[in-house]
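Enquirer: These are the residues of each chain, in order.
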Amino acid sequence: AQKVTQAQTEISVVEKEDVTLDCVYETRDTTYYLFWYKQPPSGELVFLIRRNSFDEQNEISGRYSWNFQKSTSSFNFTITASQVVDSAVYFCALILAWMDSSYKLIFGSGTRLLVRP
Amino acid sequence: EPEVTQTPSHQVTQMGQEVILRCVPISNHLYFYWYRQILGQKVEFLVSFYNNEISEKSEIFDDQFSVERPDGSNFTLKIRSTKLEDSAMYFCATAGGRGRDTQYFGPGTRLTVL
Numbered sequence: 001a002q003k004v005t006q007a008q009t010e011i012s013v014v015e016k017e018d019v020t021l022d023c024v025y026e027t028r029d030t031t032y033y034l035f036w037y038k039q040p041p042s043g044e045l046v047f048l049i050r051r052n053s054f055d056e057q058n059e060i061s062g063r064y065s066w067n068f069q070k071s072t073s074s075f076n077f078t079i080t081a082s083q084v085v086d087s088a089v090y091f092c093a094l095i096l097a098w099m100d101s102s103y104k105l106i107f108g109s110g111t112r113l114l115v116r117p
Numbered sequence: 118e119p120e121v122t123q124t125p126s127h128q129v130t131q132m133g134q135e136v137i138l139r140c141v142p143i144s145n146h147l148y149f150y151w152y153r154q155i156l157g158q159k160v161e162f163l164v165s166f167y168n169n170e171i172s173e174k175s176e177i178f179d180d181q182f183s184v185e186r187p188d189g190s191n192f193t194l195k196i197r198s199t200k201l202e203d204s205a206m207y208f209c210a211t212a213g214g215r216g217r218d219t220q221y222f223g224p225g226t227r228l229t230v231l
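Line by line, the protein sequences give chains R and G. No gaps in the numbering here: position 64 of the first sequence is 64 in this note's numbering, and each next residue is one more. To convert, count from 1 in the second sequence and add 117; that's this note's numbering.
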């Protein structure tokens, strides 16, 4: 079965601290995509990043970085020098990309990040 | 930048009433989805729609739910007879023809069933 696990329900940090959000996924398929979405208090879902299963290169975008490790089925997200505006719920998600797939997103349960001033 | 829009932003209805939630996709997108998020919980897939037909639906998407694209632009989700447990945020998401691996979400419609 396909599954995404975000074991950290809630994390609280003080501004400027670094924080890592964990994501572990389960699938037997070899072709898939992994995502992170941000859900700020206003409620919308904001796309942050997509990785495909054949690309294990880590990615950095400003203060955000992602570490994809197939060996441990993990796709972790690090925010460096966190800011109050980073406070949100962060969802990790998986798409299975076989030929007849609908490409539906399978979401984890989310991690609520609170950045305190 | 093109974006997905949804109306209404908030809908309050009585149990047993029909509701229609509307979504306007990004213009060149071909793949459409509805997801649901009960307050404080994770986002759950409801249905995917491509080429004017449902490509996959979840077990949540029972006979009370239907989707259509009546005029080639709007993408609607209808709930025929709402139940209390249908109260949730409903998100529309769309994906493009070349890059359908990335879905862009609308702002959501909060449905409250009384």
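These aren't lab readings, by the way, just hints derived from the structure by calculation. This structure is a prediction, so every number in the text was calculated from the model and none was measured. Beta carbons are placed, not taken as given, at the ideal position from N, Cα and C, and that holds for glycine. Mixed in with the good hints, there may be bad ones.
Quick list of the computed label-pair ranges, beta carbon to beta carbon [to be verified]:
| hint | chain 1 | residue 1 | chain 2 | residue 2 | range |
| --- | --- | --- | --- | --- | --- |
| 1 | R | Gln57 | G | Gln134 | 44 to 54 Å |
| 2 | G | Gln131 | R | Thr30 | 27 to 37 Å |
| 3 | R | Glu15 | G | Val141 | 45 to 55 Å |
| 4 | R | Glu15 | G | Pro187 | 14 to 24 Å |
What the simulated footprint calls covered on chain R by chain G, stretch by stretch (three residues with Cβ under 8 Å from a Cβ of chain G suffice, anywhere in the stretch; the number is not a length) [what the hints assert, rightly or not]:
| hint | segment |
| --- | --- |
| 5 | 19-31 |
| 6 | 44-57 |
Enquirer: Are the hints correct? Go through all of them and say.
Expert: Verification of the supplied hints:
1. Hint check: Gln57/R to Gln134/G, Cβ distance near 51 Å, so the stated range 44 to 54 Å holds.
2. Between Gln131/G and Thr30/R the Cβ separation comes to about 49 Å, which falls outside the hinted range of 27 to 37 Å.
3. Taking the beta carbon of each, Glu15/R and Val141/G are about 38 Å apart, not inside 45 to 55 Å as hinted.
4. One distance hint, 14 to 24 Å for the beta-carbon pair Glu15/R and Pro187/G, is violated here, with the actual separation near 48 Å.
5. For the segment 19-31 of chain R, the stated coverage by chain G is violated: 0 residues have a C-beta nearer than 8 Å to a C-beta of that chain, whereas at least 3 were required.
6. Residues of the segment 44-57 of chain R lying with their CB closer than 8 Å to a CB of chain G number 6, which satisfies the three-residue condition for coverage.
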